[in-house]
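Participant: On the provided structure of chain W, position chain U as indicated by the hints.
Protein chains: 2
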Amino acid sequence: MLKKMAKDQGIQEQLRLYLPDLPKGPLDAYRKKATFDWRRMKLAYDNLNTLKLKHDIWSFMESHPLFKHTEATRVLDEERHIATKRMYTIYNEQFLRFEKIAEDPKSFQAESEALFMFDSSLAVKISLTFRMFSNAIQGNGKSHHYPIIEDVEKAKIGGCFALTEVSHGSNAKGMRTTATYIPEKKQFVMHSADFEAAKCWVGSLGKCATHAIVYAMLISKGKNHGLHTFVVPIRDPKTLKPYPGVIVGDLGEKIGLNGVDNGFVMFNNYHLPKEAALDKLGGVDDNGDYQTPFRDPSKRFGAALGILSGGRVHITAISTYYLQKAIVIAIRYSAVRKQFGPENAKEETPVLEYQQQQIRLLPYLAATYAMKIFSVWLSCLHINMTISSYVGEDANAAARGIELHALSSAVKPLFGWTSRDGIQNCREACGGHGYLKAAAIGDLRNDNDANCTYEGENSLLLQQTSNWLLNVWARRETLTADDSPLGSLQFLQNVDQLLQEKCPWNSVQEFMEPANLIHAYKWLTAFMLKMTAEKVALLKGQGKDNFSAKNESQSYNAVTLSVVYGENYVLNNFYKAAQEFDDANCRAVLLKLVALYGSFLLEKHLATLYIGGYLRGEQGLCVREGTLSLCRDISPEAVALVDSLAPPDFCLKSVLGMSDGEAYKHIQSSVMTYPGSMTRPEWWRDVVYWQSYAPSKL
Amino acid sequence: MLKKMAKDQGIQEQLRLYLPDLPKGPLDAYRKKATFDWRRMKLAYDNLNTLKLKHDIWSFMESHPLFKHTEATRVLDEERHIATKRMYTIYNEQFLRFEKIAEDPKSFQAESEALFMFDSSLAVKISLTFRMFSNAIQGNGKSHHYPIIEDVEKAKIGGCFALTEVSHGSNAKGMRTTATYIPEKKQFVMHSADFEAAKCWVGSLGKCATHAIVYAMLISKGKNHGLHTFVVPIRDPKTLKPYPGVIVGDLGEKIGLNGVDNGFVMFNNYHLPKEAALDKLGGVDDNGDYQTPFRDPSKRFGAALGILSGGRVHITAISTYYLQKAIVIAIRYSAVRKQFGPENAKEETPVLEYQQQQIRLLPYLAATYAMKIFSVWLSCLHINMTISSYVGEDANAAARGIELHALSSAVKPLFGWTSRDGIQNCREACGGHGYLKAAAIGDLRNDNDANCTYEGENSLLLQQTSNWLLNVWARRETLTADDSPLGSLQFLQNVDQLLQEKCPWNSVQEFMEPANLIHAYKWLTAFMLKMTAEKVALLKGQGKDNFSAKNESQSYNAVTLSVVYGENYVLNNFYKAAQEFDDANCRAVLLKLVALYGSFLLEKHLATLYIGGYLRGEQGLCVREGTLSLCRDISPEAVALVDSLAPPDFCLKSVLGMSDGEAYKHIQSSVMTYPGSMTRPEWWRDVVYWQSYAPSKL
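Going down the list, the protein sequences come from chains W and U. So the first sequence is numbered by full-length UniProt numbering: it starts at 1 and just counts up by one. So the second sequence is numbered by full-length UniProt numbering: it starts at 1 and just counts up by one.
It is worth saying that the hints were derived from the structure and are not from the lab. Some hints could be false.
One copy or two, either will do: identical chains are not told apart, so a pair holds if it fits within one copy or between any two.
Claimed, not checked - Under the rule of at most 20 Å between Cα atoms (straight-line distance), these lysine-lysine pairs were calculated in the PhoX-like manner:
| id | residue 1 | residue 2 |
| --- | --- | --- |
| 1 | Lys100 | Lys52 |
| 2 | Lys530 | Lys550 |
| 3 | Lys550 | Lys576 |
| 4 | Lys604 | Lys24 |
| 5 | Lys32 | Lys338 |
Isolated chain W (complex conformation):
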């Protein structure tokens, strides 16, 4: 007992070390209402190690001139310049060495969070230039490729990852970049037939990268062996000039993430040594005959799928960061923004007290916690799977890989969309001032937007999940626990009996019980799968081919199925984490958040619950009433809940969301220090003497 107290006190001291007191001010009233310790709440997804890591990175940034915020948006070239300098500066510090990730897999996402919270372009670039490039060589290359990894580790060269082509993205089979083997020269000739075959959207290729991992059709002896990877020199590392045969350029401005120099590249009969092929998993021998070490291709394919899920796994975290920042800004501002009030009241009411403001923000606050806990868990799972794939056999690797592929193909879209909608709600909930660039919400929306289309456009990616689920449904009688090492198929337990059920609850209280919400979600997931399977069967029964039957069972069926499957898993993961959290005060609030997240999700599918016969009469009203009543319950906790999620103010960079709550003072300061804000424009004569360029006809 004493030991536990001493340990507790040690934790408390360290928490205070990494998380200093927040400034006093207009937010105090709400902070006092909270029933839990905001620092302790961090341990729902962080640990002392990750808190220290983030603290170290942020302290470094805060003391470094390169990491100072400027009010005015930079022109494109300057955006790219500063993102590049920040990248090398941070990488050089080696805050998280590779071996530390294995010791504490959570540290991987902590580092990523620290970077994304400050500057998403910096974070994206560092990951592309160093990590993704090395991983691709590690996974697909042989020992003679390892010197390239050493070069990139020492930042002598910089990498990038070239898969997408101008006219082919998701349909990888349609890609047209070729690498033709010439046995006489022991060389490949890489070629792009035209601009439509150019590799594009390659992050860090526009200005910086010296080498690219290129996916190209391997052609040997007249036969196309499909997509293979090559490591291709693009620019001379000493001059940054492109090599002859390489036409490389920058894609220009994007909606967001403008510090990242996305580029395109075309190859004009570009000769590469045979060693450019990353051929561990398959390639040609010196004579041009195809060789592969695979014995049981299907199992290896499954394991490979799981590791390739890395991009999607990372995006679930990235989406979460953006929403995390937006919700902090919107809730803090809603707590200090006062408007209207009861008749004869002395003060106006904080807008956070209004029902419609609560319903727009608090379900997304709950979602942020669910997503945060889930994405950290998923990232650790993926790291552990990658490590075990390096060190040796894992009996369940194939099944786990396949399930992770399906799960990550559902949650990547789900989180991208949840952030999209949550950020938009935050933006509107901040009213007119939310439209200020200095409020910072617009940039979050613009950056998150990429999450909805990269690594697979969301709607399309969801087919990966629904295809698997439909396959599983067909063999549901014979499923075993081995088919679902991650437990995402638990909703299929006794599914026939489950689908006979009618919802037995008739009070708000019953509906809002987390266990009941979770049960209702189980029913919904099973029903969506059954309905989609029946729709496909119906279409095939009408004589449609596989392609048409799949196509015509997407909307309201397969697409929704995949989303619901993802939601169901995330909800269960959140519930489990909340129940297991050891601090009782935090746990109580987390369980309310679980209920709010669950009821908010369920409300969106009410119509389907009626169509499927699970709900009847006015039961749906209980879900709506319950959602509103949970919002009311959680509103006094909201400010402390976002204090726990918030990065330091210098990362948030929002006049509305600073930890001191002094929104109007920050607006004033920002507005008045914006370059040129108080002075007459240089071009004032074009206002007064407009006739000088438009001779008056008035």
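Facilitator: Just chain U, lined up with the frame of chain W:
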């Protein structure tokens, strides 16, 4: 008969004059599938006069160097500079003289469309600087103010409109700018207590305006008479320097509309002559005693409300323009973007053929037509009301004004949100390339975003509608046609009997009949009103005061009620316009769009239809199936439908959406001509020699 044919041919010739043939190319296949004439379809909302006006404006722009598009985003100061020069250049041309608006009220929106389609900042600025300013003086001033109108008409001065304060937007009663009358000097002293009382978000004030319409609390003899308007000199029209006592500046960057110089202003005991008061409707006499000409304040209040709806009426049109551009881009690109296809197919399939692509785009195509037709109608209604208020009595002016206030307070949010969601769907439906700045969808989203919060944050504004509807519900037994000159209360006919009904349809075909969809919407609107009224009554019965009862009946009730009321009116308006359209081929397609719009709207409220007992069993599935089947029917018409909506290519400025359908060629050209895209950056040494600023620790 012959006469009709001759007239028809005359129309056809003029249509061809203003709407030249579209270039041949990859879109031809879809264009050939259309069953109607895309030029003729324009007449659903345009006429030959408005087509000529737009043609004249666009021809002028196309031939003028100031209206050339540049690839790279300008820095803020340059954005403002060019928007200002374009404003004077266009205004000087006087494309639409005031008297022409009375002759053809549709011309007002045609001019606005022509400007918004090219550059939204230009359009906003021209409207604020000239029209809104003049209108405010016309409406609230006396004859001695009219010289100011002449000055602004000759562009000797420039106006702006200052209502919102830093800490008070929607709550006008809380505003704190004061104008205190000093009888000895016959002057007002205007004062802002602090930055929170500064007027802000004032369009065109940041850099340009010389005069402002300012709303301030009129104080005389120690008494606060509430908000009144004043015309206040801000800057010297000869030098653009602010007058002493005026602290004026620019709000800096925003999420969008960065050509508009939104500003703020504080007054420091700034003395104004008594004539600064725009006191036609009330003010102080020389002695400081309050005088007003009103006899029956309630009637005049109603009429005034109707005229003040102008801002909201205009925003319904503005939201429509943005969606109009986005849907053109997304549908044209979806028709030429090919990806995947049936096994063994020779060509890949255009993505427009995929069900999930259709459901994301085609309902918004239908919505665009509904919104276009409605917003033109609403604009004409508002112009006619304004004119009749100038020329004399209109027996129904008060009731019409009140109803227009309620209706515009519903459709402004509805259209802002529909565009928000529609544009986002367009953005995602364009996949990765939609993230290019040159695709132009990001800017549309950023510009439209303002529509969701200005002239009243959407959720808040909807209370204006629901408050009126609840009031109407309480006296529904005694309503007459005079209560609803615009017919928006028709859903209350025989309402008690209506609400007893159960939905009688069980087939997709029955559900998709426009008249049936419209009937279902009538039921839904009535039910939402009844449910909200009962909720308010219940809360009051629990002892809640008016403020709390209203607050706690917003989400899922009053907010949804107002939206549904707006949707119901727009749907009916669309149906009527489609039925009355004289071209049979166009009419048939328009009626399909009516059905799609109706079923798409209804689907969003399926759960409420079940809760209210209107639907039961699997009826909801018919609505979903019907929506999908309408999408399939309309997809061959989609390209011609957007050809009809599309502005000229130089306005669209989208590499994905040009009328020749050559998306990849335009991407190539845009990417390769972007300044610096193919060259090594100036800062290449910071990549190669990064150790120069970050001494290596690697």
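Participant: Could you run down the list of hints and mark each one as holding or not?
Facilitator: Hint check:
no.	hint	result
1	Lys100 <-> Lys52	within (13 Å within a copy, 70 Å between copies)
2	Lys530 <-> Lys550	within (15 Å within a copy, 42 Å between copies)
3	Lys550 <-> Lys576	neither (35 Å within a copy, 38 Å between copies)
4	Lys604 <-> Lys24	neither (39 Å within a copy, 44 Å between copies)
5	Lys32 <-> Lys338	within (18 Å within a copy, 58 Å between copies)
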